[in-house]
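Following the hints, position chain P against chain S.
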Amino acid sequence: MTARRVAVTGIGVFSACGKDTAGFWESLREGRSAIGPLDGFAGFRITTGAQIRDVAVEAHFSPKELDLYDRFTQYGLIAAREAVRNASVEWTQELRTMGGVVTGSCLGGKPTEDASFRQLYAAGNPRVPPMTIPKIMANAAASAITMEFGLTGPSFTFSTACSSASHAIAHAFWMVRQGMLEVAIAGGSEAPFSAGHLRAWEALRVVAPDTCRPFSRDRKGMALGEGAAMLVLEPMDHARSRGALILGEVVGAGMSADAHHITQPSPEGAARAMMLAMRDAGIGAGQIGYINAHGTGTTVNDVTESKAIRSLFGSHTGSLLVSSTKSMHGHALGAAGALEAAATVMALRDGVVPPTANHLGPDPNCDLDVCPNSARACAAEYALSNSFAFGGLNAVLAFRKA
Amino acid sequence: MQEDITPRVIRVIAATQHIPAETISAASSFEELKIDSLDGINIVFALENEFDVNIPDDDLKAIRGVPEVVEGITKLLRQKAEQAG
Chain S
1 MTARRVAVTG
11 IGVFSACGKD
21 TAGFWESLRE
31 GRSAIGPLDG
41 FAGFRITTGA
51 QIRDVAVEAH
61 FSPKELDLYD
71 RFTQYGLIAA
81 REAVRNASVE
91 WTQELRTMGG
101 VVTGSCLGGK
111 PTEDASFRQL
121 YAAGNPRVPP
131 MTIPKIMANA
141 AASAITMEFG
151 LTGPSFTFST
161 ACSSASHAIA
171 HAFWMVRQGM
181 LEVAIAGGSE
191 APFSAGHLRA
201 WEALRVVAPD
211 TCRPFSRDRK
221 GMALGEGAAM
231 LVLEPMDHAR
241 SRGALILGEV
251 VGAGMSADAH
261 HITQPSPEGA
271 ARAMMLAMRD
281 AGIGAGQIGY
291 INAHGTGTTV
301 NDVTESKAIR
311 SLFGSHTGSL
321 LVSSTKSMHG
331 HALGAAGALE
341 AAATVMALRD
351 GVVPPTANHL
361 GPDPNCDLDV
371 CPNSARACAA
381 EYALSNSFAF
391 GGLNAVLAFR
401 KA
Chain P
1001 MQEDITPRVI
1011 RVIAATQHIP
1021 AETISAASSF
1031 EELKIDSLDG
1041 INIVFALENE
1051 FDVNIPDDDL
1061 KAIRGVPEVV
1071 EGITKLLRQK
1081 AEQAG
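Here the protein sequences come in this chain order: S and P.
To convert, note that position 211 of the first sequence is 211 in this note's numbering; the numbers rise steadily by one, no gaps.
To convert, note that position 68 of the second sequence is 1068 in this note's numbering; the numbers rise steadily by one, no gaps.
If we strip away everything but chain S, and leave its shape as in the complex, we get (with noise of 0.2 Å):
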């Protein structure tokens, strides 16, 4: 069969620069950081993040619902309920029966986890609560999703690290294309703060003190965030057939693997991902206007991508626009690609490209147009958006403007 353009109807997202897709995208073209001082967690080395401030998870669940979900999953519904409502999506049986939900995240429930076993090790008590095994599973957010909405077509988690929902996002976008699936909820969320996995990182000496500042000049690493963003992805005839509010287009995903080292990353595995995208879509390097980078803020990864993106686009580097809004919602590792696909289909959308915020002046072996600090007008018709997780598994999508 003929492969099917795949629009994006809906977004949704839950994160700590904005509880909802207008208020987050006002956070990013401002160039409004969310990174502060973490809430939570003093006398640990670790002292900024991007916190989702005043939760206030009591007023989107019950009870029940609250003993049942762990905080990855309930800001994965709360994205999921938000994007279904802005796509006004018609649900017939049939396309209950259609439709999927594809999410990613890297750590499942963590802080159910930290909490349960804390119990067990610190407390010495055996009885480990049982609610534990179903909060903490990866794919909880995805089920709760597809029951929330009598989803019963293919669902699945991906938890390939940071490029989790980039995964996610690219496999319900092929589903949908190929027609395995009539209508997508895809994306990713990630709970981070908690404080075994909080000790973790400060282990790996990844994280700044201060805050993040990609492609920067005396940039000292990232800053964990958390959150979630989900997308409705449907074939886009069935969406302008019924009128829908057409956001952005998903026009291809590539993926590699590194096959090279467990934290550094590889240029080659990043610029052939983002070839594989351009590939998918049809597209050539000089059709991209915007590069969302996975600019983490780490020494090693700006550099690596920036190498990656000169390899690749050459002399065409000069007039792409690149910028990292990790900067502002922090790295909500296994959400991050969700977070920054939901930025990307906006920057296309309205024309904007969101900042690089926190940044004290260029690096030069990351010579990039990161737009600092101030977000920029921008015509292009095409856009990427990059993940390279730590592993070396890449996932990479590209957009077009509606």
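There's no promise every hint is true.
[Claimed, not checked] A few chain P residues that face chain S, going by a derived Cβ cut-off under 8 Å, partial list only: (1) His1018; (2) Ile1041; (3) Asn1042; (4) Phe1045; (5) Glu1048; (6) Asn1049.
[Unchecked claim] Per label pair, the in silico range of CB-to-CB distance: (7) Gly124(S) with Lys1075(P): 24 to 30 Å; (8) Asp1057(P) with Phe44(S): 38 to 44 Å; (9) Ser1025(P) with Pro154(S): 32 to 38 Å; (10) Gly124(S) with Asp1057(P): 18 to 24 Å; (11) Leu66(S) with Pro1007(P): 21 to 27 Å; (12) Ala56(S) with Pro1007(P): 31 to 37 Å; (13) Arg1078(P) with Thr263(S): 54 to 60 Å; (14) Leu1038(P) with Phe156(S): 19 to 25 Å; (15) Gln93(S) with Asp1057(P): 35 to 41 Å; (16) Arg1011(P) with Thr299(S): 52 to 58 Å; (17) Leu1038(P) with Gln93(S): 24 to 30 Å; (18) Ser1025(P) with Gly124(S): 35 to 41 Å; (19) Leu1038(P) with Ala402(S): 38 to 44 Å; (20) Ser1025(P) with Gln93(S): 37 to 43 Å.
Since the hints were made in silico from the structure, they are not lab data.
Cβ coordinates follow ideal geometry from the N, Cα and C atoms, glycine included.
Frame of chain S; chain P shown alone:
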């Protein structure tokens, strides 16, 4: 002894299910309280903590409602007292 146990069991079920204790009686069945198997597992966990007993898997099959819970807890507490004594 059973007189003391019943209100505690009801309190545990009410807290776990997020329902008012007044809606539960000493004769309530799980079915009428709309307690499914997953809820049941949560209640068992909360009861083990409340009474500091270990409820064996085999005992779970017999539980249909508050009466069986109270009966089971009473038996386990008696066994515990005998072992201690």
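Going through the hints against the structure:
no. : hint                                  : in the structure
1   : His1018                               : 4 Å, holds
2   : Ile1041                               : 4 Å, holds
3   : Asn1042                               : 6 Å, holds
4   : Phe1045                               : 5 Å, holds
5   : Glu1048                               : 6 Å, holds
6   : Asn1049                               : 6 Å, holds
7   : Gly124(S) with Lys1075(P): 24 to 30 Å : 27 Å, holds
8   : Asp1057(P) with Phe44(S): 38 to 44 Å  : 41 Å, holds
9   : Ser1025(P) with Pro154(S): 32 to 38 Å : 46 Å, violated
10  : Gly124(S) with Asp1057(P): 18 to 24 Å : 23 Å, holds
11  : Leu66(S) with Pro1007(P): 21 to 27 Å  : 26 Å, holds
12  : Ala56(S) with Pro1007(P): 31 to 37 Å  : 34 Å, holds
13  : Arg1078(P) with Thr263(S): 54 to 60 Å : 58 Å, holds
14  : Leu1038(P) with Phe156(S): 19 to 25 Å : 22 Å, holds
15  : Gln93(S) with Asp1057(P): 35 to 41 Å  : 39 Å, holds
16  : Arg1011(P) with Thr299(S): 52 to 58 Å : 57 Å, holds
17  : Leu1038(P) with Gln93(S): 24 to 30 Å  : 26 Å, holds
18  : Ser1025(P) with Gly124(S): 35 to 41 Å : 37 Å, holds
19  : Leu1038(P) with Ala402(S): 38 to 44 Å : 43 Å, holds
20  : Ser1025(P) with Gln93(S): 37 to 43 Å  : 40 Å, holds
Hint check: a violation occurs at hint 9 only; the rest are consistent with the structure.
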